[in-house]
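J.: Chains as they are written, first to last, in this note's numbering: chain A, 351 to 705; chain B, 351 to 705; chain C, 351 to 705.
Honestly, the hints are just simulated from the structure, not real lab data.
Just to be clear, a hint being listed does not mean it is correct.
[To be verified] Covered, in the sense of this in silico footprint (three residues per stretch, anywhere, with C-beta under 8 Å from a C-beta of chain A), are these stretches of chain C:
#1 412-421
#2 433-439
[Unchecked claim] Subject to a maximum C-alpha distance of 27 Å in a straight line, what follows is the list of computed DSS-like cross-link-like pairs (lysine-lysine):
#3 C:LYS672 x C:LYS647
#4 A:LYS429 x A:LYS409
#5 A:LYS407 x B:LYS647
#6 C:LYS647 x C:LYS554
#7 B:LYS647 x B:LYS664
#8 A:LYS429 x B:LYS662
#9 B:LYS407 x C:LYS662
#10 B:LYS429 x A:LYS407
#11 A:LYS407 x B:LYS407
#12 C:LYS407 x B:LYS407
#13 C:LYS407 x B:LYS429
#14 C:LYS664 x A:LYS647
Everything numeric in this text was worked out from a predicted model, so none of it was measured.
For glycine and all other residues, C-beta sits at the position ideal for the given N, C-alpha and C.
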Amino acid sequence: MSFIRNAWYVAGWSSAFGEALSPLEITGQRLVMFRASDGRVIALEDRCPHRLLPLSKGKRIGDTVQCGYHGMTFDSAGKCVRVPGQTNLPSSAYVDAFPVEDRHGIVWIWMGEPERANPDDIFDLPQFSDPGWHVHHGGQLHIRAHYLNVAENLVDPAHVSFVHPTTLGNSASENVPVHVSTSGDVLRAWRWIRDAPPIGFFQKFGGFSGNVDRWHYYDLHMPSTAVIDFGSIATEEACPEEERDRGVRIFALHFVTPVTEDYTIDHWMHLRNTAQGDDAASDQMDAMFRVAFDEDKQVLEAIHAEEQRPQKRKPIRIAIDKAPNVYRKRIRDLIEAERTEDLGAPEGPAYVMHD
Amino acid sequence: MSFIRNAWYVAGWSSAFGEALSPLEITGQRLVMFRASDGRVIALEDRCPHRLLPLSKGKRIGDTVQCGYHGMTFDSAGKCVRVPGQTNLPSSAYVDAFPVEDRHGIVWIWMGEPERANPDDIFDLPQFSDPGWHVHHGGQLHIRAHYLNVAENLVDPAHVSFVHPTTLGNSASENVPVHVSTSGDVLRAWRWIRDAPPIGFFQKFGGFSGNVDRWHYYDLHMPSTAVIDFGSIATEEACPEEERDRGVRIFALHFVTPVTEDYTIDHWMHLRNTAQGDDAASDQMDAMFRVAFDEDKQVLEAIHAEEQRPQKRKPIRIAIDKAPNVYRKRIRDLIEAERTEDLGAPEGPAYVMHD
Amino acid sequence: MSFIRNAWYVAGWSSAFGEALSPLEITGQRLVMFRASDGRVIALEDRCPHRLLPLSKGKRIGDTVQCGYHGMTFDSAGKCVRVPGQTNLPSSAYVDAFPVEDRHGIVWIWMGEPERANPDDIFDLPQFSDPGWHVHHGGQLHIRAHYLNVAENLVDPAHVSFVHPTTLGNSASENVPVHVSTSGDVLRAWRWIRDAPPIGFFQKFGGFSGNVDRWHYYDLHMPSTAVIDFGSIATEEACPEEERDRGVRIFALHFVTPVTEDYTIDHWMHLRNTAQGDDAASDQMDAMFRVAFDEDKQVLEAIHAEEQRPQKRKPIRIAIDKAPNVYRKRIRDLIEAERTEDLGAPEGPAYVMHD
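Construct all of the structure, not just a fragment, from the sequences and the given hints.
T.: Next up, the structure:
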């Protein structure tokens, strides 16, 4: 098991959740989700405790869910409120309920112990609420691969020149070293490629013709939210690192949600300080991102298939693996912490199911 | 292994067996079946003992079957009668043969020890031969589910209101208690729903407009033959239980045949005391049954898939599970009896292969 | 594991290998193959030792292969010649390289220890270079079956009457005994069917109308190259065995390549002393062979599926299994020899990778 359970994961864009019962699987747990009459998004274990029929095959009765086999009915906290044919409601008749938060158009779900869920821990970015930034929800990429490989790929600048040579990278960066640092639960890999031709993306959206300074900051928030701050500015501007807003700047976000050990969904979106309110630009960026992300998907699915095959010898690690190596170690430590009783865990506000 | 081997199972309607070699699988045993020149249906192990080619890939030579690889040939009792390239016929050159009976248009096969097969044990119903009853062979339902779940569903009146709300049930019965009794190898669950609107089926075929008394008797003959005696009569008739023939009465039969642990075939048919010789009525009833049985199939296949997944906690049992619980216990006892040597088994007439 | 590793296998016809990186799997080993600028065919392990991406997903840079993920680059001997982001090239950064030879339009690959590869051991036939013989490359048959069953079928004359009754056999041979002998690494099964009607093949290509003497010599070169020398001559010619060239004679070759334990490719071709340079005859023969080989495929795939199922009792062996039995024993001995250290192995010329 390689899932961190005590974490907020993205279940989907807010627009994906309405009246209908919709099934979903996260960290190997099947869920039935729906939006209650008061607007909250509800997530319950998708299995009736009686004969195991997924509740998503049943129907909503108000804000309760009625099983489609024998009519056992559960409220939005998972408690059984009806057993046809009897009046007593045994305490073991329940389904698990999962804390959910809906913010900035994104629905987050906590897959671990409910009492440890703290909404303050949900990923945020000041630019979400800054009118100077255009926020655009992109799409979701389904990948037959392990989520750690998907997330690692997002803190790995070295692959860009080889996997995305026509969109997000070019050969100028092939040998530019990558810096790695950590801060709290964020791992950062970054580099500047100075005085080089613009990559395809910034030829198109930056209007650059001459050489540019280009930056890539890959921030990976544990366990699997990636923020890629990338941009370009004309080389003659001699832009210092901390003044990146002067250039064309993009925050590309990837919310990597483990579905099973073999399947991952990456919800991707971006924020930008250019082309505000320009839907055509959003569409064009989405199109270019889709090309690039499909390139990642091809690589990640091929690797996943290969990882299932017998290994004759140990894989090797090389200099560019610095950030991925740190990431793997952090994940191993988090899993170990979940496997043992952590008496020193922070005593944050307990999460209360609103019901 | 959850199969009862010493039992008669339905292999198919009689019309399904002709000259051609047809492969079939029952209780995980692959069979080749055909109708011999004297009209008997023959069932042999579908695997040549030499190089394992299924005999159903070979061809008939008279009433023998010749393997399609090297021509070894077996008679209708499974004995090898030819080995090309040699004259001696070793005694270990044989395939298993299975007792078969053809009755009322239904072909039954015995999957256990041949010497225990007693044709008198085959399921029968007096109405099969009663001219006052119309007999109609319906169809066969293929279900990716375990046969015990399929059979259990047929002794479970409580699901009808929720799974078949427009055809075989309605909300009037949701809270009507179910009685359970056993008699010999028959388990019965039943209830009367008194003075309620007719269900879809009897609106259509009973011509009822006012309230009716409706009965459902679910008889499950071990291991997996279900007889559902259901009907309706106008409430003002004040019909006692034993005079059900006065109403519109149907015997819906389900012959549940385990194919593998993951696949089941349900041959279904009915007998009725109304609309005799009316093929259009038969077709309409089949259509309505098909809607209902497809609803069962959806539920049963979803449950089967869920049962293959990890179980975090024990399923719960509730009041309406009384008949299913008795059924499961009976099946466990039968399996246990087959696993141990039962010196007290009845000394019925031995079954002799007619050959 | 049932693969002989120290053996030359056919990877494909020479025409199949060009500039492009093409993936292939032999004895469970995935390979990337291409033709280098000097004409040699190169075969490398198809897995980057870094993150396991198949190299066949990367691209050629001259005669090297660059991984499609992070640009690690390997030369035609499998040695790493570039690691982007660092200057040192660790010795553990390599992929296995496999000896390859290209002869008579056929590409052979050695799957075992490279130092034992001796090109002199590659299968040859004097007729390949004899202008009196027409050489025709046929096709490749993909079979979901174990290679030992495929190869065994090629040293088993007894199946021909039953599997190929209209093309390669007829009932005249059903009871004609088969002789078996061995010579070095060649196992031979053979028989003459004297004074019988010609089979379909020789009706078509021999122009025979009266009875013929027909021969079949099945030579199986260990581990899995089959040479079927078959032909016919008018019975009145009274042809002795050693003068087969007087008749219409065909060498049908089958190069049986194990892909996995469940998949085999049979490259088939023929040489003939009739209809030289007659492409129409080649096409017609191919068409007839395709009919026959598809008959084998049906049988072999059905057997393979059956072999995966539970076995209640031991398969039986019969008189006609003599050659298959010898073949299986030889294979078992070869596997055993590979599993143990064979200090008595011949000291043939060592194979040197040309690089």
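J.: It remains to establish, for every hint, whether it holds in the given structure.
T.: Taking the hints in turn, this is what the structure says about them:
1. Evaluation of the coverage hint for the segment 412-421 of chain C: fulfilled, as 6 residues show C-beta separations to chain A shorter than 8 Å, against a requirement of three.
2. Counting residues of the segment 433-439 of chain C whose C-beta sits closer than 8 Å to any C-beta of chain A gives 4, which meets the bar of three, so the coverage hint holds.
3. A hinted pair counts as satisfied when its Cα atoms are at most 27 Å apart, and C:LYS672 with C:LYS647 qualifies at roughly 22 Å.
4. At roughly 16 Å between alpha-carbon atoms, A:LYS429 and A:LYS409 fall within 27 Å of each other, so this suggested pair holds.
5. Between the alpha carbons of A:LYS407 and B:LYS647 the distance comes to roughly 13 Å, so the proposed pair stays at or under 27 Å and holds.
6. For the suggested pair C:LYS647 and C:LYS554, the alpha carbons sit about 23 Å apart, so the restraint of at most 27 Å is met.
7. Distance restraint check for B:LYS647 and B:LYS664: the Cα-Cα separation of roughly 24 Å lies within the 27 Å cut-off, and the hinted pair is therefore satisfied.
8. About 17 Å separates the Cα atoms of A:LYS429 and B:LYS662, which keeps this hinted pair within 27 Å; it holds.
9. At most 27 Å may separate the alpha-carbon atoms for a hinted pair to count; B:LYS407 and C:LYS662 meet this at roughly 20 Å.
10. Distance hint between B:LYS429 and A:LYS407 is unfulfilled; the C-alpha atoms sit about 51 Å from each other, more than 27 Å.
11. In summary, the hint linking A:LYS407 to B:LYS407 is not supported, as the alpha carbons are separated by about 42 Å, beyond the 27 Å threshold.
12. For the hint linking C:LYS407 to B:LYS407, the alpha-carbon distance of about 41 Å lies beyond 27 Å, and the restraint is violated.
13. Of the pairs offered as hints, the one joining C:LYS407 and B:LYS429 is violated, with about 56 Å between alpha carbons and a cut-off of 27 Å exceeded.
14. Distance hint between C:LYS664 and A:LYS647 is unfulfilled; the C-alpha atoms sit about 48 Å from each other, more than 27 Å.
Against the hints set out earlier in the document, violations occur for numbers 10, 11, 12, 13, 14.
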